[in-house]
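Number of protein chains: 2
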Amino acid sequence: MKHYIETNKDRFLEELFSLLRIPSVSSLEQHKPDMQHCAERLVELLLEAGADEASVYPTAGHPLVFGQKITDPSFPTVLVYGHYDVQPIDPVELWHSDPFEPEIRNGAIYARGANDDKGQLFMHIKAFEFMVREGLLKHNVKFILEGEEEIGSPSLAAWAMENKELLASDIILVSDTTMISETVPSINCGMRGLSYVEVKVTGPNKDLHSGHYGGAVANPINVLCDMISSLIDKDGHITIKGFYDDVVLLSDEDRAKLSRAPFDMEEYKEFLGINEVKGEAGYSTLERTGIRPCLDVNGIWGGYTGEGAKTVLPSVAHAKISMRLVPNQDSATITRLFSEHFRAIAPDYVKVEVIPHHGGDGFLIPISSPAYKAAERAMTEVYGIEPVPSRGGGSIPVLADLQRILKVDPLLMGFGLERDTIHSPNESYLLKQFFAGMEAIALFYRYYRL
Amino acid sequence: MKHYIETNKDRFLEELFSLLRIPSVSSLEQHKPDMQHCAERLVELLLEAGADEASVYPTAGHPLVFGQKITDPSFPTVLVYGHYDVQPIDPVELWHSDPFEPEIRNGAIYARGANDDKGQLFMHIKAFEFMVREGLLKHNVKFILEGEEEIGSPSLAAWAMENKELLASDIILVSDTTMISETVPSINCGMRGLSYVEVKVTGPNKDLHSGHYGGAVANPINVLCDMISSLIDKDGHITIKGFYDDVVLLSDEDRAKLSRAPFDMEEYKEFLGINEVKGEAGYSTLERTGIRPCLDVNGIWGGYTGEGAKTVLPSVAHAKISMRLVPNQDSATITRLFSEHFRAIAPDYVKVEVIPHHGGDGFLIPISSPAYKAAERAMTEVYGIEPVPSRGGGSIPVLADLQRILKVDPLLMGFGLERDTIHSPNESYLLKQFFAGMEAIALFYRYYRL
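One line per chain: the protein sequences are A and B, in this order.
Take this note's numbering: the final residue in the first sequence is number 494, and no numbers are missing along the way.
Take this note's numbering: the final residue in the second sequence is number 494, and no numbers are missing along the way.
What the hints contain is simulated information worked out from the structure, not anything from laboratory work.
For each residue, glycine too, the CB sits at the ideal point set by N, CA and C.
Careful: at least some of the hints might be erroneous.
EDC-like, lysine to aspartate or glutamate: derived pairs with alpha carbons at most 20 Å apart [what the hints assert, rightly or not]:
hint, chain 1, residue 1, chain 2, residue 2
1, B, K250, A, D142
2, B, K417, B, E430
3, A, K244, B, D134
4, A, K250, B, E137
5, A, K278, A, E331
6, B, K76, B, D134
7, A, K285, A, E242
8, A, K244, B, E351
9, A, K322, A, D308
10, B, K313, A, D392
11, B, K244, A, E137
12, B, K250, B, E397
13, A, K395, B, E311
14, B, K244, A, E320
Rough simulated footprint, nothing fancy, chain A against chain B, three-plus residues with beta-carbon under 8 Å [unchecked claim]:
hint, stretch
15, 243 to 253
16, 314 to 323
17, 352 to 363
Residues of chain A clear of chain B, computed beta-carbon distances all greater than 10 Å [as the list claims (entries may be wrong)]:
hint, residue
18, K46
19, N52
20, L57
21, Q80
22, R177
23, W203
24, K208
25, D298
26, A376
27, D392
28, T424
29, I449
30, Y491
Please put together the full structure from these sequences, using the hints given.
This is the structure in structure tokens:
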């Protein structure tokens with residue numbers, strides 16, 4: 045495919061940029077028209093690439109895109125999953141260029157979605173185009189592209205239940221994750237699940253003057269800090285009752301296999317600008333993100349947050365809290381356990397609300413499957429080195445749903461790198477990875493046989 | 045003065061409203077022109093009321109207003125202190141009417157500054173006007189009105205040092221506090237001091253994806269919560285080393301005297317909408333706000349605080365923290381102790397910054413002074429009941445400075461009520477209190493002799 049990329053490079057970038065320019069932020073109501081616009085653009089791109097059919101499917105939330113090319117019903121069928129929605133762009137002042145006006149700097153594309161997931165899903169469209177146009181395609185290919193991944197995919201599972209036939213396939217192929225490093229290709233064989241909640245702690249029924257009431261009336265920010273602080277103990281263990289009940293402990297052998305992944309602690313700390321890592325006692329950094337659950341506050345706010353000083357004892361404090369789960373932990377159960385625990389530890393002098401946001405289960409993929417083997421061979425060819433099987437810390441909860449509903453395993457060939465800072469300002473995607481990914485995907489088709 | 049008020053009521057309100065309409069928020073840069081405008085309006089009002097002279101005095105910050113009428117150098121001199129700056133208006137969506145378009149509803153004026161302190165300082169201008177116009181004034185009266193009280197009065201102390209002669213007086217008279225209740229008049233004989241800081245906790249050098257790093261990299265919001273939580277122990281004691289060293293313990297007799305102030309716990313809780321109060325073990329609610337220091341988080345923010353969910357492990361978390369101090373605690377010392385402590389408890393995996401905002405010392409006024417006695421008599425006449433000496437929980441740090449620089453005691457005749465919710469949305473001031481205050485101030489002049 046190298047030659048095809050060389051010839052079509054500029055067109056590829058211009059097409060990708062046309063997607064990146066659409067601000068398809070799924071969590072913000074104001075971008076609703078952009079979601080529709082982005083979905084329609086994907087339909088155009090799929091049809092131009094060679095799909096027999098492609099359409100926008102409305103849902104209760106943001107629209108889905110489905111398109112396919114049925115080459116021969118007896119051929120293996122690959123279902124490509126991707127998402128066209130992106131994260132919000134704040135803090136917007138930290139971006140060095142417009143998040144929705146892609147720019148190439150130092151060999152990378154800078155834009156919101158450059159990697160996650162517009163850049164990565166676009167590689168699949170172009171690998172497919174290459175196979176079609178060169179007459180090499182010996183598979184049926186289906187694309188399911190959603191607009192709600194960043195908000196927990198509330199619509200896709202239900203749609204998949206009603207369209208099992210349409211989505212019938214032998215493998216779900218996904219590029220929405222990272223490789224270990226530029227020189228260490230890896231294939232994710234497991235992802236963490238997610239439980240995401242918002243909490244609201246209310247003290248007095250109005251904001252008070254902190255001079256008149258300070259010391260006598262519980263301050264909901266202080267109380268929220270106490271409550272959050274109590275959720276994790278000194279050893280990094282989560283204190284929610286029953287939280288670890290369903291966690292499957294890995295065998296020493298499995299832990300040893302995982303520890304084969306190269307990891308340079310000094311490099312890691314330098315990249316993050318930290319003096320020390322911090323996590324659950326008894327586990328390595330890779331284990332802490334790969335095989336252990338965790339709890340993070342993703343946002344907190346309350347009281348006066350403007351310029352200068354305001355002596356207020358606020359009425360309300362809020363936080364967004366998420367827990368990453370490992371396979372066999374059930375997201376709905378964890379959300380329930382959290383809610384029960386958080387209400388139970390609330391002192392009498394405040395009122396507490398827990399609002400579940402979204403969640404999903406983790407999953408594991410057999411590395412002995414034909415698809416894993418094909419991906420391994422393809423990546424070995426592109427990178428000149430055998431990829432490491434890894435476990436991803438992130439969550440694509442909908443993949444666990446699709447796996448359950450369609451009874452098809454997902455395979456995660458991700459080409460992102462840590463340096464891409466997805467979800468953060470200045471999200472980027474290395475051109476090298478972008479083109480290597482296309483090549484590896486085309487090779488996957490060459491080697492994937494049932 | 046009752047008759048004079050009756051006759052001039054509408055004019056008084058219209059003049060006050062002209063002040064309230066000026067959005068003189070001292071902490072926000074954008075209101076700089078409004079500060080000047082408000083100061084100029086006060087000069088007009090002072091001159092119209094009968095001052096011999098009144099001018100706007102520029103400072104490094106917001107301008108000061110000074111005006112005076114020297115009736116006879118041998119008469120006692122009253123220095124009226126007030127402030128024309130107001131608190132910010134957020135959360136603005138909770139106001140039932142425009143904060144800067146005063147409205148009378150249910151016998152109260154609703155506007156930012158209706159009470160704190162435009163409404164209260166205005167009573168002094170009108171009592172003064174009455175005394176002048178009726179030919180009753182047997183005092184010299186000076187007004188010092190600043191525009192920086194809500195941001196810690198950074199300019200007034202220096203100005204007072206350079207203008208000691210101009211401010212020479214026998215008593216500093218202030219209305220910027222509350223009475224115990226509508227039916228229980230009180231005179232504040234002490235105020236708490238203040239130390240106000242902002243803290244910044246930095247973890248990784250950029251926002252991270254919480255799935256990829258969660259569990260392995262310290263989250264600065266979680267760390268900030270841990271740190272804040274550790275500042276107060278289970279008994280409500282502040283854990284900062286040396287924090288209580290200079291606190292003077294009250295005698296049992298003094299505590300008994302203070303406990304004379306009527307206090308209805310059920311009413312208090314109902315007013316605030318709380319099930320339980322919370323504070324330092326071993327002290328009553330009035331003691332907790334009157335004679336004990338405390339620590340409150342006035343604001344906290346970090347990570348994603350918008351609509352929906354964002355799975356970010358943020359780089360930075362912030363909080364605004366204030367400590368209310370009791371007389372003999374030194375604000376600068378406490379700020380230093382806080383900073384040292386906060387840095388000392390910061391774990392290796394984060395960086396911590398402490399930015400001091402402003403502060404001031406507390407003070408106590410002798411209740412045997414002629415001024416206190418005059419105020420007591422005036423309030424007894426207006427309310428038909430002897431006022432209770434109380435200790436205020438709030439801070440007017442600049443009064444401690446003025447006391448030190450001018451060697452004159454401040455007397456706090458405040459007519460606010462808890463229901464006025466100053467610093468909060470829907471700040472109000474009861475018309476009844478507004479007019480009773482004018483009357484009491486006029487009577488103060490009648491009874492105040494050296």
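Now for the hints, and whether the structure bears them out:
For the hint linking K250/B to D142/A, the alpha-carbon distance of about 18 Å falls within 20 Å, and the restraint holds. Straight-line distance between C-alpha atoms of K417/B and E430/B comes to about 11 Å, which keeps the hinted pair within the 20 Å bound. With a C-alpha separation of about 19 Å, the suggested pairing of K244/A with D134/B holds against the 20 Å cut-off. As the CA atoms of K250/A and E137/B are separated by approximately 13 Å, the hinted pair is consistent with the 20 Å bound.
As the CA atoms of K278/A and E331/A are separated by approximately 18 Å, the hinted pair is consistent with the 20 Å bound. Our distance criterion of 20 Å between C-alpha atoms is met by K76/B and D134/B, whose separation comes to about 18 Å. Our distance criterion of 20 Å between C-alpha atoms is met by K285/A and E242/A, whose separation comes to about 19 Å. Between K244/A and E351/B, the direct Cα distance comes to roughly 14 Å. Compliance with the 20 Å bound is thereby established for this hinted pair.
In summary, the hint linking K322/A to D308/A is supported, as the alpha carbons are separated by about 16 Å, within the 20 Å threshold. Restraint check for K313/B and D392/A: satisfied, since their Cα atoms lie roughly 12 Å apart, inside the 20 Å limit. Pair hint K244/B plus E137/A holds up; C-alpha atoms about 18 Å apart against a cutoff of 20 Å. Proposed proximity of K250/B and E397/B is supported: the alpha carbons are some 17 Å apart, at most 20 Å.
The straight-line distance between the Cα atoms of K395/A and E311/B is roughly 19 Å, inside the 20 Å bound, and the hint therefore holds. Proposed proximity of K244/B and E320/A is supported: the alpha carbons are some 18 Å apart, at most 20 Å. Here the stretch 243 to 253 of chain B counts 7 residues with a CB under 8 Å from a CB of chain A, which clears the bar of 3, and the coverage holds. Chain A is given as covering the stretch 314 to 323 of chain B, and this holds because 8 residues of the stretch bring a CB closer than 8 Å to a CB of that chain, at least three being needed.
Note: the stretch 352 to 363 of chain B has 10 residues with beta-carbon separation from chain A under 8 Å; the three-residue rule is met and the coverage holds. For K46/A, the non-interface assignment is confirmed: its Cβ lies about 30 Å from the closest Cβ of chain B, beyond the 10 Å cut-off. Remark: the non-interface label on N52/A is consistent with the geometry, its nearest Cβ contact in chain B lying 31 Å away (cut-off 10 Å). Distance check on L57/A: its Cβ is at least 25 Å (rounded) from any Cβ of chain B, clearing the 10 Å threshold; non-interface status holds.
Even its closest Cβ contact with chain B, about 18 Å, leaves Q80/A beyond 10 Å, as expected for a residue assigned away from the interface. The beta carbon of R177/A sits about 35 Å from the closest Cβ of chain B, which is more than 10 Å, so the claim that it is off the interface holds. Consistency note on W203/A: stated as away from chain B, and its beta-carbon is indeed over 10 Å from all of that chain's, at 20 Å minimum. The Cβ of K208/A lies farther than 10 Å from every Cβ of chain B, with a closest approach of about 28 Å, so its non-interface assignment holds.
Every CB of chain B is more than 10 Å from the CB of D298/A (nearest about 18 Å), matching its label as outside the interface. The beta carbon of A376/A is kept farther than 10 Å from every beta carbon of chain B, the shortest such distance being approximately 16 Å. Taking the minimum C-beta to C-beta distance to chain B, about 4 Å, the non-interface status of D392/A is violated against the 10 Å cut. Remark: the non-interface label on T424/A is consistent with the geometry, its nearest Cβ contact in chain B lying 24 Å away (cut-off 10 Å).
Every beta carbon of chain B lies more than 10 Å from that of I449/A, the smallest distance being close to 22 Å; the non-interface claim holds. Annotated as non-interface, Y491/A keeps its C-beta farther than 10 Å from every C-beta of chain B; the closest such distance is 28 Å.
In terms of the numbered hints stated before, the structure departs from hint 27 and from no other.
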